[in-house]
Every structure is written in structure tokens, then in C-alpha cells.
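Colleague: From first to last, the protein sequence lines stand for chains A and B.
The numbering of the first sequence is the working numbering, which starts it at 96 and goes up by one.
The numbering of the second sequence is the working numbering, which starts it at 96 and goes up by one.
Please note: incorrect hints may appear among the correct ones.
Pairs involving identical chains hold if they fit within one copy or between any two copies, as the list cannot separate such chains.
For lysine-lysine, the following DSSO-like pairs were computed, each having C-alpha atoms within a straight-line distance of at most 30 Å [said to hold, decoys possible]:
no., residue 1, residue 2
1, Lys316, Lys363
2, Lys319, Lys128
3, Lys376, Lys99
4, Lys234, Lys358
The set of hints was computed from the structure by calculation and includes no laboratory data.
Next come the chains, spelled out residue by residue.
2 protein chains.
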Amino acid sequence: MPLKRRFLSSCMLSVNGYSILTDCGEGTQVALKTAGKKCGPIDMICITHFHADHISGLAGLLLTMSNEGRTEPVHIIGPVSLEYVVRSLCVVAPNLPFALRFTEVRDSSPIFCKELKITPFPVLHSIDCIGYTFELAHKGKFDVMKAKKNEVPLPIWSALQKNDTVFFNGKAYTSDMVLGKERKGIKVTYCTDARPGKSIKQNAANADLFICEGMYAEDDKITKAVKKGHMLFSEAAALAKEANVTRLWLTHFSPSLEDPESKIQNAKAVFPDAECGYDGKNIDLKFD
Amino acid sequence: MPLKRRFLSSCMLSVNGYSILTDCGEGTQVALKTAGKKCGPIDMICITHFHADHISGLAGLLLTMSNEGRTEPVHIIGPVSLEYVVRSLCVVAPNLPFALRFTEVRDSSPIFCKELKITPFPVLHSIDCIGYTFELAHKGKFDVMKAKKNEVPLPIWSALQKNDTVFFNGKAYTSDMVLGKERKGIKVTYCTDARPGKSIKQNAANADLFICEGMYAEDDKITKAVKKGHMLFSEAAALAKEANVTRLWLTHFSPSLEDPESKIQNAKAVFPDAECGYDGKNIDLKFD
């Protein structure tokens, strides 16, 4: 349930001028406006599951995208039945001036949004639910010695830094002929709603940012958490620790938890780099 | 489109402990919380039309009503196809613990919510759209002379002030046998989205409060207003004047009209008791 100063689930990832929205609860378009973001240019929308608090803002968002002049197709990713659910919600947003394209996730095959690799993974909730890992690779440095050794012609050195393959004088050259070892990229894993599980730990491994639900702050809420398919602060923190992530942001708090910040110690005791999420929270992640 | 400090259309009418919500745009449940209102006890929901900005908050509202413990059926009024539209939106709110009851409006027959008389009337928009008039009757004063003249037994005098008919010793007595002439009641008319028209003027006649859309502030936007099926400030004010209402609240402003208050003179010039609506605006209307 939304509170006065706490809207529903949504997370915007902006990468080199394009953007991916994950989940779209009621009020997401207002949250985006408040954060100074435009809805129109969103490149892809990833939906974790079909509970209203994660998707009921979608029709309004699509209408606002259309009001902002969008005409290019909108690509939406989500669990099986995605197209049926989205088309049902769009009964109040007919005649959108752009096409909707759907990818219904059936396995963990990666999906690419430009150079961003998106890996969906199944999580355990009361209905089909997906977590998402977003990875931006960081190519190796240009290696002049290697380029010379591989007899790569000088005129295509620059092109090979941006492209995997370049053709020159009837011959194919690949970027590994001029680049050093791939460097550490950026990885973000988003997971809500779920019970803890191996798939989350594996998929969040070494993430720079792990956004994870923390529905209940206190350990004595475990029975409720298990019953409802949610997590405790301490469980999310244990996942962060085991996955060796850099930082954990807790989100998706119970409406009864009005001040999650006051309970953050329950997570920090297990994983010190735990923080509470709040509306509009943001971070710049850069290559090392 | 919602703005940071301006949510979408919705109006709550509270009458003697029960309440009727008209329209339910995205964020309505947050607006209700901000106004200190509970969602759970809402007695009836009236929908004007099926554009997302008037109905896309409904699934979230129904879920919150269920979280607040609601088990009694929820009665929803709206244009033809209401049930299809609401059930489509509720694809993300399955298993509600209460029944949904629908009244699809086909004419202007009044609908009663307890003693409140609700009269739907057709208005001219780009799709089927309904305005609503809400009327609370004010019974006449108890008239001792009349009661005696009509030989109404003393033990049922009090009961006849609250009920239309009371049986006593095998005989029926009606309230008109003890009450004076009906006094002036309270009347509220709500109308958005629409072009001006005779049905609005007739239905808003002598209203204590006329809530009307004012999409565009300036008269030179008339071509746009006609094309989109909306009104100018001056057109809403002219309706208010012709309908002889007590006060006019303008609402449903274009997102390009960030500060409607700065243009209120365009309405006041035609109807001096015009005011701009804003989120959370409220008024107590009492019998004279």
C-alpha cells in the first residue's frame, strides 16, 4: 500500500542516455516527474510480477509517454501472461500512438537493451515473480602492442574500440585483436517480492548494487514473511553478505513499518553496507 | 496527466457517516490518506468515464479497501461496459474479499445511496461520459398542530420524523401527516470531462456546489477545447451563472496550466463565485 510519502515500487536505471524502468506501481509517473525524469524516452520496462503495487501505474505511464510525443514501440518484459495483463490494464488507454512489444520470460536467457545485458531469474513469491540483473560490460584498454602484433591496420584501430568486428580490405578484424582483458563492469540486481533463495544469491553475486525487498524489519515476523512470500531485513542482509555485493538497498516495506530507517541496524548487524531505500533515492555508479 | 502537486481526478462526498467517491484516477488512495480518510468504508464509487485519468487508481483502491478489512460488497456506478472495464483493470487485483456490484447507467433514473439521491446525466465528451448530481433532502419541521389534526398517536411522533411510514395499531401513518413543507436540501453537481451543454445546466440548477472541469483558462484555446471535448474557464463560469449555482469549483486543468489560480479572473468575470480546485480542497455544506 502506498503511504503519503512512500509511493509504490519502481526503479529507473539510466545508462549512457537510455533508460530502463523496473516495475511500475501506482504513482510511478509522478515519482519520475518529481525526480526530473521524462517518461517518453523510456527504452524498456521490466515487470517483476502482476501484483497491483508493481504494475498498476503502467496504463497511466503509457498515456503520459504518448502525451510526451512517443511514437516508437515500447518493449515490456515480464512473466508469462504479460501481454494479456498489460492489454487488460490498457482498456483505459486505447489508441496509444505506439506499438507494445512483449517478451514473456520463460527462462534466464539474457535480453539486451543496447549494450546493457538484462538477466531475468525466477524468485519464490506467492505468484510467478522475476528478479532482474543488469550488467554493463567494461571493455579492455586499447593495447597498441597487441594491435601491431595482430597486424591490425591503423585506419580501423578506432573503429575496433567501439565495434566487435570491422571489415577492411576484404578481411574481418575483431576487437579482441586490439583490446586488453575486459575490465570490471557495473552490475545491479533488483529483487522484489521474494523469499530468500539460491537463485537470488547466485544472480546478485558481486553486484555493485543489490536492491532487495525488506518487507519486515524484525526477526519475529518470520511466520508472516514465510506466509506472505516476503523477507525480513536480516534475510535480505544475509543474501547480500553471501552474494558478496558492494551495497544493499532495502525497499518494499510493510505499510506498518512507517520509519524503516529506525530499524536499519537489524540489517547492518548482518551486512554493514545496508541502507534503506526511500522515494527518489539515487546513486551514480561508474566504472572503477 | 498528474503533476508533482496535482494528482488526478477524484472527489469524496461524506454524508452523515457514509461516503461516495466520484472518479478514481491514479493516486486517489494516496490523496485520501493525505486527507485523513480511510478507503475501506467507501459506500459507493461513481465513475464518469473510462479514460485512465478517471479510473486507473481503482484496482489499487480496491486492494487497499481489502487490506483495511472490507468484506461488504462494493457498489460501482458508471457508463455501459463498466463491469468489463473494471474486471479488466482488476486482473492485477484478483481474489478481492468482497463482491463487486455494478450499475451501468443507461438513463437518468436516480440511484440511492442511503438517503442521498444520485442522478446521472449524459455529457458531451470524446467517449461516453456521465455527470452526477447528489441531493440530500431536508425534511420539513415537525408540526404539532398538523399531527393532532391528522390524529397521529403521540407514541409514533418521533418515529415519523425519521421514517416515511410507521404502522401503529394496524394503521399506516406517513411522515407528511406530521411534517411541514420540505425545506431546502443540499445539492452538489460534478461534471468532468465535457463540452458545455443543456444537460449540465439543467442538472446543476441551483446547486450549492458545482464542480466543473476547466481544462483551459484562456478563451483563445476554444478550438483545442472543442476538438478535445473540454471546457474553457469562461464556459464553465457561464454554465454556473445560467444554472444559478451558489459556488463553482473549477478542476481538471490542463498540465500546461501550472498555476490555474493566476487565471481565475477569466472565470470570475463571468461568475464571481468561481474558485480553483486544488488537491485536498474541501468544504462543509450544511442545511440552511
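Colleague: For every hint, state whether the structure bears it out.
Modeller: Against the structure, the hints come out as follows:
When the C-alpha separation of Lys316 and Lys363 is checked against a cutoff of 30 Å, the pair qualifies only within one copy, where the shortest distance is 18 Å, while the shortest distance between copies is 57 Å. In this assembly of identical chains, Lys319 and Lys128 lie within 30 Å of each other by CA distance solely across copies; the values are 25 Å between and 35 Å within a copy. In this homomeric assembly, Lys376 and Lys99 come within 30 Å of each other (Cα to Cα) both inside a single copy, at 16 Å, and across copies, at 16 Å. Neither within a single protomer nor between protomers do Lys234 and Lys358 lie at most 30 Å apart by alpha-carbon distance, with minima of 40 Å and 56 Å respectively.
This entry does not satisfy hint 4, going by the numbered hints stated previously; all others are met.
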